[in-house]
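These protein sequence lines are chains B, P, E and F, in that order.
Using our numbering, the first residue of the first sequence is number 1, and each one after it goes up by one.
Using our numbering, the first residue of the second sequence is number 1, and each one after it goes up by one.
Using our numbering, the first residue of the third sequence is number 1, and each one after it goes up by one.
Using our numbering, the first residue of the fourth sequence is number 1, and each one after it goes up by one.
Treat the hints as calculated values from the structure; they're not laboratory data.
C-beta atoms are modelled at their ideal positions from N, C-alpha and C, and glycine is treated no differently.
Check each hint, because a few of them may be wrong.
[Unchecked claim] With the C-beta cut set under 7 Å, the calculated list includes, among others, these residues of chain B facing chain F: (1) PRO26; (2) PHE33; (3) LEU48; (4) ASN58; (5) PHE161.
There are 4 protein chains.
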Amino acid sequence: MSKGRLEAFSDGVLAIIITIMVLELPNPEGTTFSALKPLVPKIIAYILSFIYVGIYWNNHHHMFQAIHKVNGNILWANLFLLFCLSLIPFTTAWMGETHIQSHPVILYGINLVLCAIAFTIVEKLAIALEGKNSDLGRAVGGHKKEYLSVIFYVAGISISFLQPIVGVICYTVVALIWLVPDKRIERNLKG
Amino acid sequence: MSKGRLEAFSDGVLAIIITIMVLELPNPEGTTFSALKPLVPKIIAYILSFIYVGIYWNNHHHMFQAIHKVNGNILWANLFLLFCLSLIPFTTAWMGETHIQSHPVILYGINLVLCAIAFTIVEKLAIALEGKNSDLGRAVGGHKKEYLSVIFYVAGISISFLQPIVGVICYTVVALIWLVPDKRIERNLKG
Amino acid sequence: MSKGRLEAFSDGVLAIIITIMVLELPNPEGTTFSALKPLVPKIIAYILSFIYVGIYWNNHHHMFQAIHKVNGNILWANLFLLFCLSLIPFTTAWMGETHIQSHPVILYGINLVLCAIAFTIVEKLAIALEGKNSDLGRAVGGHKKEYLSVIFYVAGISISFLQPIVGVICYTVVALIWLVPDKRIERNLKG
Amino acid sequence: MSKGRLEAFSDGVLAIIITIMVLELPNPEGTTFSALKPLVPKIIAYILSFIYVGIYWNNHHHMFQAIHKVNGNILWANLFLLFCLSLIPFTTAWMGETHIQSHPVILYGINLVLCAIAFTIVEKLAIALEGKNSDLGRAVGGHKKEYLSVIFYVAGISISFLQPIVGVICYTVVALIWLVPDKRIERNLKG
């Protein structure tokens, strides 16, 4: 089974998710810059989510460059990943709408964790299909970024019960960790 | 006529359908998890529809891998399929909005039946064009899944007059039947 | 300049236009089938517009199969065509919302005429670039469908001042004329 | 790293941005043409933004035809460009909603400047990767259009504090400057 349409479909869904979030930004009520002030939490939430979806597109791109074939399980795991990502506009909107309060920030963190789990499942299934000595198998070696992410996600979700702003900072740190594309795969494809 | 743009256009429409449904989820009214409670029927409806559109994308993908050429009839039958699928966000929203009541669940079931009929028409036209001994013709042999689906669709729609929840369960059973991609085509392409 | 991205971008825009119209369908206010009754004019408008956008995608597909190169003028004419088509969800919504009244039906007709003019411009520019003896040049010979369309568009827009329903019927006739894909190009590519 | 998926993803995002702006056009309140009158500023804003996104798609298309490889930096600069462009529906809606008042027009201008900066960053990174003697490096020589744009952007934003309509005219002039696709790259690819 070819990976072409899976990539095209994923690109389509990711492009829509990343773009429709801007529809959640309501029209400022007023004609001066001060009317933008109540939108600041929503814009921050939008920027953070845009970066996250961008990271997932980026890593998805990298992962599938090292994948040569797909099977039914990978198709469904990928759809589960797209489902988790499709909830981001919803959890982002709630977080922005409530001006970054405790429960919405926790739900947003859980959403991010679900996306991370789904991505890991796709990766594991792809390695199982391609073999440990494949491009992908050799590329995904150490898991420093993954372990760091888990720590910051857990910390962010826990702290959000008391200080949701600190939770958002934790999620931002995870985003910064991943902003650099996965050099491991790139290096391996070259070497 | 090449099938490339038909696949690309279908992927685009399916990607949009599967993603815009999340726009139907309204912002929770409140800042605590309890505000999510009234959304539960809508989220269930969203998940079911996401799975259905995922199944159609999956089977569409499989079917067109076994198709080598398309004609005007197939183009239009495919557009009719996309039309039926495009109604799913509408019927899903009504079902969720009314907290899974009788008539909305019946309409949702009718929508699913229409999609199934449209998909069958595309398949029949493709077999007529490719020939009974083509990849596709040999792949689509028994119709166990199709017959089972008809039974559960009819049962689900009928029961929904009295017990709409049971109707939703029937539709869910059909989804589970199809969650496994069509092994027949995959097997045939390999053999 | 390659036509690949122009086709991909057009497919994307057309896929979005054809799908977002369903977002204009409001949630039925009520839990029984009778709640669907006030939506009937909107659903009719949606179906007609879906068919029109489908026809444009279909003919766009056919035309670009016979086109081998594009230049800046064709890119911009194509964007103008996409702009005209992007107004269809807006004029469709007004026509449906007002339950098919005089002025909205006229505006809808003008929108359809604009799309037809834009399509013709793309076609003319492509023939100018490819040459009269190209696949496209030879394919587009008689203009029976075009002349018939002009007559029915003018008739539909005129009659809509008095009887908007008859206007909608005229537009439907044009759609039926075009439902059959352009056999001329198909025949020519084969011969 | 191949540029294929970057182009496909960018096409998807640009197609969605250019199309969802039409969703911002509200239903006319009334059944006669006079109901369209209050929408005129919104429609003007929509047309201007449609042209701008069209220009960006066009120039993106041209630039990436001269680019043969991409790296992580270009991916992220491109995502930043898409982010800036994704804000256009938001700033357009505010400008239209307020009937082209001072602050919204300034914000719109700032948005356009951000897009121009982001595009320039992608271009610079691509030239750095491809080399000064690459197709792209030789193509991007003089910067007449860029300098003219800066002047008109600065003029437009400044004047908008007093006369926002003149600001919109300045932005329109920039659009007209760019409506012609970048002949330099086209010429160079041929020569």
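For this session: List in ascending order the numbers of the hints, as given earlier, that are violated by the structure.
Result: 1, 3, 5
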